[in-house]
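When the letters of the sequence shown are read in order and numbered with our numbering, they come out as residues 1 to 448.
Source of the hints: derived by calculation from the structure; they are not laboratory data. Wrong hints could be hidden among the right ones.
[As the list claims (entries may be wrong)] Quick list of the computed label-pair ranges, beta carbon to beta carbon:
no.	residue 1	residue 2	range
1	R110	R287	53 to 59 Å
2	R381	D248	17 to 23 Å
3	E239	N180	51 to 57 Å
4	E417	S285	30 to 36 Å
5	N295	A38	42 to 48 Å
6	Q85	D248	43 to 49 Å
7	E190	T230	49 to 55 Å
8	V299	Q195	52 to 58 Å
9	P278	E239	29 to 35 Å
10	R245	N295	26 to 32 Å
11	T115	E239	21 to 27 Å
12	V299	G418	40 to 46 Å
13	D91	V299	45 to 51 Å
[Claimed, not checked] Pairs of lysine to aspartate or glutamate, EDC-like flavour, derived with a Cα cap of 20 Å:
no.	residue 1	residue 2
14	K222	E239
15	K222	D249
16	K291	D332
We put the CB at the ideal spot given by N, CA and C, even for glycine.
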Amino acid sequence: MKSKKWWWAAAFLVILAAALLWWWRGGRAEQPVYRTAAVERGPLAANVSAAGTVTAVSQVQVGSQVSGQISELWADFNSEVKQGQLIARLDPQSFEHRVQQAQADVEAARAAVLTAQANGLAASAGATRARVELQQAQRDLERNRGLVAQQFISPAELERTQSQVDTLSQALKVAEAQVNVAQAQTRNAEATVRQRMAQLAQAQVDLKRTQIRSPVDGIVIKRSIELGQTVAASLQSPELFVIARNLDDMQVEVPVDEADIGRVRPGQKVNFTVDAFPGRSYEGSVRLVRKAPTNTQNVITYVVVVSFSQPDGGRLLPGMTANVRIVTETRDAVLKVPNAALRVRLPEAEGATAGPSGGRGEAAGPRGPGRGGRGEGGRGRGRVYVLSEGAEPRAVPVQLGISDGQMTEVTGDGLKEGDTVLVGVVPPRGERTSRDTGRAPTGPRMAF
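Let's have the full structure, built from the sequences with the hints guiding it.
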């Protein structure tokens, strides 16, 4: 009889324990668990984030204006060069031959000038002789006219004198024409000399261009040629070297999306990091916003040039990728809440249907960086849920200000520093994921 009572007592205890376990892990799990954060007051900065490239402020592409084969090479990567220093040479043999040919052409043209000048002198002498003979014949004609009047000579003699004058007059015209021709030939020969001299000068310039010299003081950061390589200069000068003037004077070129470029202005503070030195941050400022757009797959960007001082003796190198954050606006001592607080939606308070997140939705508030690396969302109105001790969450409308991508400036009559706002709602036990499961205390639990 005692054993039967003991058995019933044990069964009752098992049922009671099961009921308590169900109440603890099942029935109470239907209450949501709130994730919360405190409303803070402090500084806030809006920014534009994008990836850029470290470049030298001034880098010069060295090319060749003539074609030929690289016969000598005196500069390599990282070579320090001075302005005017010879860094490469093209094979000059064919250019030397052109200079020699041009010199011979100049000498031939000068000889042609001398010949033309001699012909001109001869023509001038002939014209002078014809002019003297004509003048003498004209005097004879005048004298014979007087003699005919005095009947000392016959009229036939006068006619012969007149005929001689006419002949000498024509001869003078021919001689003067020959002088003009000789002068024209001389001018043409002199022009040919100038032309040949210009060709000689061009040939000498081309010969000089076979010597590739550094146009600036700097460091060779790129070499695109090898010894023996043939360089073809046609419509565009081929690139042989790239020389950076000063690797201590660097900049970052950042393509910024057109949606964000309106907030970027010269003088704004910039912070950036590079993958080569993780954990280190560098500072600079916006120097220039280039007005020329770049269209990449229908995405319009504008290049922002960020200037900075090279630290640590030149550890940053051209071509490094920089993760840039441009501070576009700052606030001091403003109320701010996590962006997650602006995305919380409680269906009980909204009268809406909860989504798969168990009551978590999105509000029209700042988001994280979007296209083009935006760090500040659109301003406007939003709503946060304030949780008081022992009370249900209440919705508080707020006016949104600037955002840094994580925190957003808010203003509103029903919000003050230190208030507790919801940043998320853990779904009931039946809807939790493995990381959300756990024992829930009596009443809604706040997770800080």
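| Violated constraints from the hint list, given by number and in increasing order | 2, 6, 7, 11 and 16
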